[in-house]
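Asker: Got chain E; can you put chains W, C and A on it based on the hints?
4 protein chains.
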Amino acid sequence: MPLTNKQKIVNDPIYGFITIPNSLIYDLIQHPYFQRLRRISQMGLSYLVYPGAHHTRFHHALGAMHMMQKAIEVLRFKEVEISKEEENALLIAILLHDIGHGPFSHAMEHSIVEVHHEEISLLFMNKLNQEFDGKLSLAIKIFKGEYHRKFMLQLISSQLDMDRMDYLKRDSFYSGVAEGNINSDRLIQMMNVVDDVLVMEEKGIYSIEKFLTSRRLMYWQAYLHKTSLVAELILTKTLKRAKELLNKGIEIECSKPFHYFMSNKVTSADFNDDLLNTFSQLDDFDIISALKSWQFHNDYILSSLSKMIINRDLLKIKLDSEKFPKELTDTYIQKISEKWNVSKQDAEFFVFKGKIKNQAYNKDAEPIRILKKDRTIEDVVEASDQLNLKALSKPVIKYYICYPKQLVEN
Amino acid sequence: MPLTNKQKIVNDPIYGFITIPNSLIYDLIQHPYFQRLRRISQMGLSYLVYPGAHHTRFHHALGAMHMMQKAIEVLRFKEVEISKEEENALLIAILLHDIGHGPFSHAMEHSIVEVHHEEISLLFMNKLNQEFDGKLSLAIKIFKGEYHRKFMLQLISSQLDMDRMDYLKRDSFYSGVAEGNINSDRLIQMMNVVDDVLVMEEKGIYSIEKFLTSRRLMYWQAYLHKTSLVAELILTKTLKRAKELLNKGIEIECSKPFHYFMSNKVTSADFNDDLLNTFSQLDDFDIISALKSWQFHNDYILSSLSKMIINRDLLKIKLDSEKFPKELTDTYIQKISEKWNVSKQDAEFFVFKGKIKNQAYNKDAEPIRILKKDRTIEDVVEASDQLNLKALSKPVIKYYICYPKQLVEN
Amino acid sequence: MPLTNKQKIVNDPIYGFITIPNSLIYDLIQHPYFQRLRRISQMGLSYLVYPGAHHTRFHHALGAMHMMQKAIEVLRFKEVEISKEEENALLIAILLHDIGHGPFSHAMEHSIVEVHHEEISLLFMNKLNQEFDGKLSLAIKIFKGEYHRKFMLQLISSQLDMDRMDYLKRDSFYSGVAEGNINSDRLIQMMNVVDDVLVMEEKGIYSIEKFLTSRRLMYWQAYLHKTSLVAELILTKTLKRAKELLNKGIEIECSKPFHYFMSNKVTSADFNDDLLNTFSQLDDFDIISALKSWQFHNDYILSSLSKMIINRDLLKIKLDSEKFPKELTDTYIQKISEKWNVSKQDAEFFVFKGKIKNQAYNKDAEPIRILKKDRTIEDVVEASDQLNLKALSKPVIKYYICYPKQLVEN
Amino acid sequence: MPLTNKQKIVNDPIYGFITIPNSLIYDLIQHPYFQRLRRISQMGLSYLVYPGAHHTRFHHALGAMHMMQKAIEVLRFKEVEISKEEENALLIAILLHDIGHGPFSHAMEHSIVEVHHEEISLLFMNKLNQEFDGKLSLAIKIFKGEYHRKFMLQLISSQLDMDRMDYLKRDSFYSGVAEGNINSDRLIQMMNVVDDVLVMEEKGIYSIEKFLTSRRLMYWQAYLHKTSLVAELILTKTLKRAKELLNKGIEIECSKPFHYFMSNKVTSADFNDDLLNTFSQLDDFDIISALKSWQFHNDYILSSLSKMIINRDLLKIKLDSEKFPKELTDTYIQKISEKWNVSKQDAEFFVFKGKIKNQAYNKDAEPIRILKKDRTIEDVVEASDQLNLKALSKPVIKYYICYPKQLVEN
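Chains as they are written, first to last, in full-length UniProt numbering: chain E, 1 to 410; chain W, 1 to 410; chain C, 1 to 410; chain A, 1 to 410.
Just chain E, same shape as in the assembly (with noise of 0.2 Å):
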């Protein structure tokens, strides 16, 4: 009967409920910097496609955790050996694996600081692993590749791992893309582990298929779906600008946590405990705040890419499978420049062109291994009966241009 007094329970609407197994991995989600994660939303300003979009990563980190229980299950019900202290590392280290992310991440990597998300991550989880005693430098050491069972690492991080796992699901759930949707209890099922390396049994194969196909989808679909694209370009355009009136010296409002890094280039060198902990401070409500704010700026560049986004109100975009020629700018930069009376440096705030380009599966990364009924192991793009799975490692490219749509509209 007895069960501390703890929360022990989460209610999830994709998996019923997530259930935090012990006290550590409590406190560690209870840690401010943890919370944070409540006001960085998913899938960034995709909810401007996607009304339901609003889930945060606090929610997908959780559910990736709630992947790894699973996971576990299924392997020591087929006797891999995975102690308890592996466990407790493999959980927390999944739980912690984008603690590291800022506010609009896709759009804003570079806007905010020079230093990717990973490595951020990893910042936190020392500076974690200091107040908590050392309790997580098992999961660190898998976290950097250092554990000598590689299939540990590859359950955080690879082309089949838990992360993916929840945040397809997830995404697809709050956005409403329902061919999004994989089946995740069936790929976990499908798990095993060679020689400490991760496989799939061969009749997970299909899954696998549609897994890749479902990414594939997501991709396309939700997360550069053109009105996610154009309004994250808008975004980064405003920070550039807001950046060139801060080294003008004129002012802009917003919270500290943000004029530092809008003030300051910051890279991997300089992150302190300080710097660290202003990093945490920042989340999707200081960069809202600030657009709402900027509205009412008197830079007219400014304040119109903020309205854009606050309104929803956005550039036109254009998609092709061909590269738009430089005229085309040219021209439309022409246009804007006389018709708003701006230089042509600051009409290209307005008019910009450039790719994205999305992989489902990566040939030259590290593969998805298929475990065959003989026991020998294949990458699943030869292990496949059909040619699609091949198909699904060409990378596409597609070209965009965005442009004030008054252009065309008169």
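Only true hints are included.
Quick list of in silico lysine-lysine cross-link-like pairs, BS3-like style, CA-CA up to 30 Å:
1. W:Lys372 - C:Lys335
2. E:Lys318 - A:Lys372
3. C:Lys363 - W:Lys203
4. A:Lys256 - C:Lys248
5. A:Lys318 - E:Lys390
Facing chain W, according to a computed beta carbon distance under 8 Å, are these residues of chain A, among others:
6. Phe17
7. Asp185
8. Gln189
Pairwise CB distance ranges, derived in the manner of DEER restraints:
9. E:Glu131 - C:Ile377: 34 to 44 Å
10. C:Lys363 - W:Gly354: 33 to 43 Å
11. A:Val194 - W:Glu73: 21 to 31 Å
12. W:Asp364 - C:Thr376: 28 to 38 Å
13. A:Glu253 - C:Leu246: 14 to 24 Å
14. A:Lys248 - C:Asn298: 27 to 37 Å
15. E:Ser23 - W:Glu253: 33 to 43 Å
16. W:Val266 - C:Glu322: 53 to 63 Å
17. C:Thr376 - W:Lys344: 30 to 40 Å
18. C:Glu378 - E:Gln30: 27 to 37 Å
19. E:Phe132 - W:Trp340: 23 to 33 Å
20. C:Asp364 - W:Asp364: 34 to 44 Å
21. W:Ile250 - C:Lys390: 52 to 62 Å
None of these hints come from the bench; they were simulated from the model. Glycine included, each C-beta is placed from N, C-alpha and C at the ideal position.
Answerer: Using the frame of chain E, we list chains W, C and A on its own:
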């Protein structure tokens, strides 16, 4: 084949797709007043209990409109005449019924403005009616209860309206409180109209019973869950403190619109166009950003309360069916005042009590009417074959007390 | 990596996967006695109302076993000790709890054999225990209520057992009566054991209320739906007629085992191994195939009744909270007897009345016990903050009358 | 308020409700020819793998009609004109498209009658057209491909028709093979008509890709799952044996209609009204009841094969991408013939091989057409940005061999 360039369809994980039926409604949705609802959470601080509960009033309003479309379809199938113009008015009225909500409105209806959100909704509708050349007139007439076909108001606001139909379903979906899920499809299928009054066909009676039980459950399990409750109470206390400080001339950091409402007592009579505009700039981001900043304010009370919410490190709360004795709060206040070296008055920010009440079905309000097989009409409470509907109409009252957990832990 | 060649996992649309934990249970499932349950529909003739309701007792038994696995996991997490042997016994007992059901057992429990299905379940278990060298002994002991740890029986058979947990969920899922869906995950999470007695934690009280409302709804909306009811009543009449004909020496076409039970009155005392074997050959296919053949029998009554079910062209049925007067049936019988030129006695195959009863919670049976926060234990009816649990324990009685629709149509 | 007394709404766990739009369609559904479909399983013997897969052709036909209603609604929203009469014809045609299916038709199309089920569907439609005074004429015209508006046939029968739309979704739902779930809502939303030809809008292209992957997966994971496959092959062998015995004058027990088809070779030319009636009495119950009885026949082969299916104690089956060598079957046959003391010819009932083939998209059949943003139309394979649709149109062939498991176990 034709389809105009205005986006006509929105993904919804609950209904699959929500269709935007015409360009007037499309333009209303695009209006900044309505887009603001994207930044107001439907369930306030409930995400501190149910981490998935981040859906917004924007999404709910679209969902309620979708339910209305279904209801109109069903009623027309049953040969209830609803003209094209009436249809449009119904859709607009339900779409805008909640547009007057401020951030965290359950907690803050009296902290920010002394005006009921329905009154503000009406102000917004009137303003939009001007902008849209009177095209909202019939919607407003229905919303104000001035239209002769009474069932139309009942579809928008009654004990079984499209608002509840959507929010129970949606809150259940996003929070994962599965028991709250109602069968809105079936409930709508059971609707009919007799003499311009909304009725439910008799065979729907068990679904109504289930609907009321679900609503009761959602109240105690989610809306009045003790953790949501204490968080909202702390939020109210925080705003109270912020106002006190401002009154004393001590500055606090927050957005301009929020500052306005913290510094001025606003009532119905004050609402002109300007004030409405200021109100329209206020959303969850202003509040949460302020709390984030206030964590570092040097007023101990303001910073303590703010941190509680931001880090989800809340006061302890107890619920009971009996009132808590005054002596108990007195003792707690005494202890806190000594321990933290604050005045008794200030200690009351941390120790307080009160009561909450819920009633699944209100017998004194307009009833849910049952159309019996013999064509007579009866209040659902009478028509049921059992006493539990009667039971559900008894209000339930619970008493709470909140205090710092340090009081009991040491 | 190892996994034996016995299939260990079964797909289930409700739970994702059901794991078969060991080879003893695997072998029990493979046994023809258990495979027979694949041919017995869980909801009898309800598919005439809900066309999806074709799921079987086989599937339900697996589902109930899965629920039991979850319950054991939760209880162990709460430090209730359950040995490996007890675990296995619990799984076997729940798996086999319904193995004694005959086809359409609600309609036919008294038409085919005069023995309660639980008694036959026990006969099957004993037989299997012989075949499996006594490995079912503990399961049987628990099932018979002879084991000292009382909660184990309660998990198998009580007002909140794994049987109900699965069948409500499953019947709701397959029929599409969404309101019947219960939150079994949450209910199980709330279970605990005190002094070897099953209790529910207090915070689960709304879920229990919801569970009882769902059960009540499933009774009136599905199990006792008037169309299911009349179909089952007609089936009972058909068997009655078939027996009469056999008694008169008139032959009827049907399978051998079915013929045996139609020609012999079987009671408890008759059940030896041979009879059990004959019984084990009986399933829905015998009954429906017989009806199909009897459509062309030259006994007017037998053929008419059989056609009604096969073509879903049923008698008219009316339900009321008041008894139907004897005069009404008399008049109908008179009319039918004239119109169809049959004796009054034969007319009674087409005109009859009776009553049905349901009680969502039985206060006289073993209660659902609530473990309150102060560690006392209370009947759920007392512990609830409202009267509707009391209301739910009042039995509801309804009266029905059935007659050919031609009586009213002309 | 009016609503006639014919039941107008059917519960469906997938779509919520299916509306029966008028009394002609209601009467068709009530017809014994259509009611028969309640007794024909949609997925044949797949329930031996997926215990939930007991849904029927009756339910599927209603579901496909529901999909058609949605498609008509979407097309009309896009200003495709569809008259009331055409609408009705479309609904009738899709409702009856599968009415000619016999029991276990994938396994038995050549064992029972030498006629394709679509041909028999047409015979039923013509018969019903007589009974219903020519009201099915337009439906029949469309079904036969004789109507000038080609898209109407495409909605009923093409590579993306309402039939597939429902059966993939339904088979996935009831079996629990979650990966087979397609987003039919979205697919239908993407439909349009140009020059009376069905097209899909370009932004639906990923959903089509997902649809084809789902279909491919359902083939290998469900329809051609090795256990379903071997069960269906055994069933075919059983019927073959039954016919041989009848030819030799040895009697076997089974229902009259089944006996007729076992004793007579029936081709297209034989189908008169009487034969159609006999065929209409045949369903799954005849087959399974016969197998149950044949378990006790004294022909060893007939009884062995029958028991295999009834007790799910099947032959061993192996699949491979290479042909199995003739020597292997020869050896197995030799062994069986010795071990069981049967002729080699009889041993072939237990040892046999063959191949199966599936193609997710058939490039030689009528294509799925994409309506591109520039208003040109292209085959989906060309329009996709990647090669995997091309890959999906390559047929996959697998070879199988079946033999008694005793052969390998000892």
